[in-house]
Each structure stands twice: as C-alpha cells, then as structure tokens.
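So the sequence lines, in the order shown, correspond to chains A and B.
Every letter in the first sequence is one number past the one before it in this note's numbering, and letter 6, counting from 1, is 6.
Every letter in the second sequence is one number past the one before it in this note's numbering, and letter 32, counting from 1, is 32.
Source of the hints: derived by calculation from the structure; they are not laboratory data.
Heads up, a few of these hints could be off.
All copies of an identical chain are treated as equivalent in the list; a pair is satisfied when it fits inside any one copy or across any two copies.
[To be verified] With a straight-line cut-off of 27 Å between C-alpha atoms, the simulated DSSO-like cross-links for lysine-lysine are:
#1 K64 / K28
#2 K38 / K28
#3 K57 / K25
#4 K25 / K41
#5 K35 / K25
#6 K35 / K12
#7 K38 / K64
#8 K80 / K41
#9 K28 / K65
There are 2 protein chains.
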Amino acid sequence: MDYVVEVRIELKSGVLDAEGETVNKSLKLLGFPAKDVKTVKVYDITLEAGSEEDARKKAENAAKKLLANPVIQNYYVTPKKK
Amino acid sequence: MDYVVEVRIELKSGVLDAEGETVNKSLKLLGFPAKDVKTVKVYDITLEAGSEEDARKKAENAAKKLLANPVIQNYYVTPKKK
Chain A
1 MDYVVEVRIE
11 LKSGVLDAEG
21 ETVNKSLKLL
31 GFPAKDVKTV
41 KVYDITLEAG
51 SEEDARKKAE
61 NAAKKLLANP
71 VIQNYYVTPK
81 KK
Chain B
1 MDYVVEVRIE
11 LKSGVLDAEG
21 ETVNKSLKLL
31 GFPAKDVKTV
41 KVYDITLEAG
51 SEEDARKKAE
61 NAAKKLLANP
71 VIQNYYVTPK
81 KK
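Produce the entire structure from the sequences given, and follow the hints as far as they go.
Right, here's the structure in full:
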C-alpha cells in the first residue's frame, strides 16, 4: 500500500538561519511586525510500505542517510493520510 | 502578544518540482521504495499581533506580498501555539 510521510528538516538551535534572517529583515522593511523567521524544509514522500509504522521507519532511514545533515539539522518524520 | 504562524508554500500541481524529482531518483538509487517526492518550503514566523486571527491575516498578507509566487505556488497559513 502507498503511504505519504512528511519529513520535516529544521536547523538545530544555535545554527545561523541565513535565509530566515533575510526574510525577517525584508518583512520588517515592508512594515510587517515580524520578530523572528525560521525556515524549514519539508519533503512529502509517497512510498510503498506494509504498514504506517513501516513507512515511518523507511522514511526515517531516508532522512538519516540522505535528506538531513545531522551535524546542523534535526528531522521529524510524520506519516500522513494519503 | 507574540504568535507563531506557519506559512507553508507548495508548488501548484503541474509545476515541475526539480528538487523533488532529484531526491526521488536518489532515494531509489539507495534502494528506498520512493514513488514520489514533493518539496515544501515552510516559514515559521514569530510576530506581534492582537489575536490569533490578526496574526493569521498579517502572515497571509506577508505570504502574498513576499514569500510566495502566486503564479506557480500555493500557500497555507496556520497559526501555531507559541
């Protein structure tokens, strides 16, 4: 069966989020009352798996091996309804 | 009061997601049973607002003016608990 799993990749706290900083400054210049902006990268992965738990495990494996950089990023894996 | 609003920016259907395609191919090469990968950009914005609804409206305005390209992208604005 096909499952959709969301892999959410965030920068660890203390790591400079250059894009977020830039967006924050731009929003302020446009008069928007932003105080802080954090960017997050999300991959919605459709994959074949035996169960939701199996899909979660496979996606977590993919996040660890390919999608996230564990030195500077945290990742969160959430199965979604297809 | 400070609110955190999530602005989620997705490519419209029919628009080529080059990064998603590349990740999909790489996952397959690694033996991962991926069928489709979609990339989503998320901005978690902390901002000053009078109410949750006010925060949502301000973030929607920011998404429209600065963060999303309405020709090729859809955006979804969701207030989150701080």
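So, going through the hints one by one against the coordinates:
1. In this assembly of identical chains, the alpha carbons of K64 and K28 lie at most 27 Å apart only when taken from different copies (15 Å versus 36 Å within one copy).
2. In this assembly of identical chains, K38 and K28 lie within 27 Å of each other by CA distance solely inside one copy; the values are 15 Å within and 30 Å between copies.
3. When the C-alpha separation of K57 and K25 is checked against a cutoff of 27 Å, the pair qualifies only between copies, where the shortest distance is 19 Å, while the shortest distance within a copy is 38 Å.
4. Taking the shortest alpha-carbon separations for K25 and K41, both the intra-copy value of 20 Å and the inter-copy value of 18 Å come in at or below 27 Å.
5. Within a single copy, K35 and K25 get their C-alpha atoms as close as 9 Å, which meets the 27 Å cut-off; across copies the closest is 38 Å, which misses it.
6. For the homomeric pair K35 and K12, the shortest alpha-carbon distance inside one copy (19 Å) is at most 27 Å, but the shortest distance between copies (29 Å) is not.
7. In this assembly of identical chains, the alpha carbons of K38 and K64 lie at most 27 Å apart whether taken from the same copy (21 Å) or from different copies (18 Å).
8. Taking the shortest Cα distances, K80 and K41 sit within 27 Å of each other both inside one copy (17 Å) and across copies (17 Å).
9. In this assembly of identical chains, the alpha carbons of K28 and K65 lie at most 27 Å apart only when taken from different copies (13 Å versus 37 Å within one copy).
The earlier numbered hints are all upheld by this structure, with none contradicted.
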